[in-house]
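K.L.:
In order, the protein sequences belong to chains B and X.
The first sequence: position 10 = 10 (my numbering), numbered continuously.
One gets my numbering by counting positions in the second sequence from 1 and adding 1000 to each.
Among these hints, one or two may not hold up.
Here are a few chain B residues that face chain X, going by a calculated C-beta distance under 7 Å [claimed, not checked]: (1) G43; (2) L46; (3) K102; (4) F105; (5) G107; (6) V111.
The following residues of chain B were derived to be distant from chain X, with all beta-carbon distances above 12 Å [to be verified]: (7) T12; (8) T28; (9) E69; (10) T70; (11) L112.
Worth flagging that the hints you see were computed from the coordinates, not collected in a lab.
Glycine included, C-beta positions come from ideal geometry on N, C-alpha and C.
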Amino acid sequence: GDSVTQMEGPVTLSEEAFLTINCTYTATGYPSLFWYVQYPGEGLQLLLKATKADDKGSNKGFEATYRKETTSFHLEKGSVQVSDSAVYFCALSDGWKAAGNKLTFGGGTRVLVKP
Amino acid sequence: GAGVSQSPSNKVTEKGKDVELRCDPISGHTALYWYRQSLGQGLEFLIYFQGNSAPDKSGLPSDRFSAERTGGSVSTLTIQRTQQEDSAVYLCASRPLAGVIDHEQYFGPGTRLTVT
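With the hints as constraints, model all of the structure from the sequences given.
P.N.:
Pasting the structure below:
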């Protein structure tokens, strides 16, 4: 079945550092890829998405590129802020399969940014 | 506008009791999903509803788990004879129209279930 693997945390960074969270996937067909973020005490919210190969999703200074050849969707941000401290989840949905785009999540990566 | 709401926000129950968790999706969203977030299993899909179609129950971990969606809107997840391994945060999400790849899922705040 479909699966998502992302680097384990916690990742601790200083403010203005560069952040990369690796994410790789296995899936049949043509999944859509997502990064969701969960800030402390809040619910899951979509950070960015890409629906086909070579698409780049971006939001709030974060970027991720859908790489079909390496089955990867790594999340990057050039200069993190304390407010970026959160748990980040990589996910895929089953695209055009009949099952309605349910999400398969990675294990989550906790990021802590220190001032 | 109003987002996805879930109730209760926290539930503590004794092992062996039944519990009901409620989800109110965003008005007009036809697709509704339940997920579970637990320490051991991460975030996992449980069940999905689309309109009046038969639900996709492929993620339910045992027959103690069931869910219904009344009138295409509110959903209730029921866990019978709860076990300690059922302790988790249960998340509900809704989506405007399943099968359209560009529609994101909007998540509720979750219900934290603790089975003692």
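K.L.:
If a hint holds in the structure, say so; if it does not, say that too.
P.N.:
Status of the hints after comparison with the structure:
Of the supplied interface hints, the one on B/G43 holds, with its beta-carbon coming within about 5 Å of a beta-carbon of chain X, less than 7 Å. Restraint check, B/L46 versus chain X: the minimum CB separation of about 5 Å is within 7 Å; hint holds. Evaluation of the B/K102 hint against chain X yields a held restraint, the C-beta minimum of about 5 Å falling below 7 Å. At about 4 Å, the closest approach between the beta carbon of B/F105 and any beta carbon in chain X falls short of 7 Å, and the interface hint on this residue holds.
With its C-beta approaching chain X no nearer than about 5 Å, B/G107 sits inside the 7 Å limit, and its interface hint holds. For the restraint placing B/V111 at the interface with chain X, the shortest Cβ-Cβ distance is roughly 16 Å, beyond the 7 Å limit, so the hint is violated. Against the 12 Å criterion, B/T12 stays outside the reach of chain X, whose nearest CB is about 20 Å from its own CB. Non-interface call for B/T28 relative to chain X: holds, since the shortest CB-CB distance, roughly 15 Å, exceeds 12 Å.
Against chain X, the non-interface label of B/E69 holds: every CB pair exceeds 12 Å, the least being about 21 Å. Here B/T70 stays apart from chain X, with its beta-carbon at least about 21 Å from theirs, past the 12 Å limit. Distance check on B/L112: its Cβ is at least 18 Å (rounded) from any Cβ of chain X, clearing the 12 Å threshold; non-interface status holds.
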